[in-house]
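I would like the entire structure built from these sequences, with the hints used as guidance.
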Amino acid sequence: MMISCKNLSKIYRNGDVEAIALNNVSFEIKEGAFVSIIGPSGSGKSTLMHILGALDTPTSGKYFLDGHDVSELNDDELSDFRKNKIGFVFQSFNLLPRTTVLRNVMLPLLYSNTTKEERLRRAKECLRYAGMEESKFMNLSNQLSGGQMQRVAIARALINNPSIILADEPTGNLDTKTSRIVMEALQELNKKGHTIILITHEMDVADYARRIIHIRDGIIEKDEINVPNDHKI
Amino acid sequence: MLIDLLKETAWALTGNKVRSSLTILGIVIGISSVITMVSIGQGSQKTIQEKIQSIGSNLIMISPGSQKSGMVMGARGGAQTLKIDDAEAIESDIQGISGVAPEISGRYQVTYKGNNTNTRVIGVTPEYSSVKNVEIENGVFITDQYIKKSSKVAILGPTVAEDLFGENTYIDPIGLTIRINNIDFEVVGVTKEKGGSGMNNSDDVIYVPLNTSRHFLSGTEYVTTINVAAQSQDTMASVQEQITELLLKRHKIDTEEDADFSIMNQTDIISTATSITSTFTILLSSIAGISLLVGGIGIMNMMLTTVTERTREIGLRKAVGIRRIYINLQFLVEAIMLTFIGGTIGVFIGWVASIFIPKFYSSLATEVSTNSIFLAFGVSAAVGIIFGFYPARRAANLSPIEALRYE
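Residue numbers (my numbering), protein chains in the order written: chain A, 440 to 672; chain B, -18 to 388.
Keep in mind the hints are simulated off the structure, nothing from the lab. There may be inaccurate statements among the hints.
[Unchecked claim] Quick look at which bits of chain A chain B covers, simulated, 3 or more residues with Cβ under 8 angstroms:
#1 489 to 502
#2 508 to 518
#3 526 to 534
[Unchecked claim] Calculated pairs, BS3-like style, for lysine-lysine (alpha carbon to alpha carbon, straight line, at most 30 angstroms):
#4 B/Lys(-2) - A/Lys555
#5 B/Lys(-2) - A/Lys575
#6 A/Lys575 - B/Lys27
#7 B/Lys(-12) - A/Lys524
#8 B/Lys27 - B/Lys130
All values derive from a computational prediction rather than experimental measurement. By construction, the Cβ of each residue, glycine as well, lies at the ideal position given by its N, Cα and C atoms.
In structure tokens form, the structure reads like this:
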């Protein structure tokens, strides 16, 4: 099993007040899956994503990824884990401003023991894989369209060969047509074998996945298999 | 890894060149003023030491008045405890000396035709010129004849000559008559320029024969100073001891603490002068250092702003797995790079200023030492580390989750 979550809880304490973001959440995800986690704002989906993405640790419970117990790692260990195992695709792209496409994709390789040539090679490979045109490789990040930026983000997410790709509202800033392009790109990735977890609040977007977990008020309401339609988003 | 850090830093700093330049400016001003101030201080130190050396390196000066009230230079206590025969006794009895030159000094009104000046008139013996390194430009110095006859002759320092006869070099003062304290004196010589300022301007004096001063000007046989030249640096200590013993005996005093005279040698004067100029240098540098402090605060301010502006970026870097320590180092190196560049430019400007200042202000000497340059670089790096530390830590401690949400 790629991902195994057992009794995950996240409680925020502010003086006397307790806020329960996640309440005893358990589930498993197989390798090669394409899962959507959907819920309204405040449902705990972001908290869950943060834990799945090793950005945060649960107050109680266990999170196993690829056989590793991620629940009790310290800050540096979490960083290393994210670098090697997780590829993030964010809602607002989060590309470095005034920086070329190539440099953006190479960011996760900073401070590692790889030569410049090796880094460039891998970056170009990932960009092609993500469907980015070669002519745009030296463009600055602000000279790209929304869809192109998201492809760069996808390429960046892939460069360290992660176990899972975590997409947080990846189409949030995009128009309908571009959203479709990006979601189809994710589906392509999944067909190539990548495990993809998608966080969203829109059913239309969640529908691209093959399994949908509904979350509300910190608990899983429904966990269903999904057959993605051919979309008219 | 280091190359990565430096590249990231260069990219970050060139991202906003105007802001980086303005921040660097603060450090440039700070460092260049520190370097300049220190060089002025050290220059004055060197100048004073050289001046003192030029008086006579094996010089011992005996003044009337107790040890406890000794002062460095200028008017000694008006006490009257040393006599001319004390000087004669020293000359005959003390071993290891090469010359003794007593002086009777006073300030008098000196006039020539319409011009007048108030200046120091020193009654001296012929030996004075060798003991105190006084050279003649024109004419002659005091001779034994003049002493024996108590002749009313005067040798002028160049400043006095200018004051009385104007800067016109065509007037040869030799042979002319001036009035000192309303008494006529014939000018027989002019001394070479020695330089100096304030109370110790050795060009603003008039030399007359010792006996003349004793009989016509001061009216007493008490001397203001006895100058003694030791034969060498090595004999100075013994000479000083011998003189102390001799004078205590002559003045019938039991212990050194009750002595009615004080002995000062070259080294004492130099160390007092040095401590004064050191204080002066420290003071100047501190003032300049304040501007450096302000520059450092500017760095910290700018770095904090940068960190805030790049919050999303920091969140992203953390999300892709860059460790806290690298985030910290990234911003710290940025700060150090800024101060280092500022320091380099500052050192250069300070060095150039030190070269040009003496050309515009001839009274200020400057001395740039390699020590102060290394110190400046060290200080600028330290400023970068100190003032960059807090912003870098702020950046490293950002929670990636919140940083990513930052608008």
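Indices of hints not satisfied (ascending) | The structure conflicts with hints 6, 8, although it agrees with all the remaining ones.
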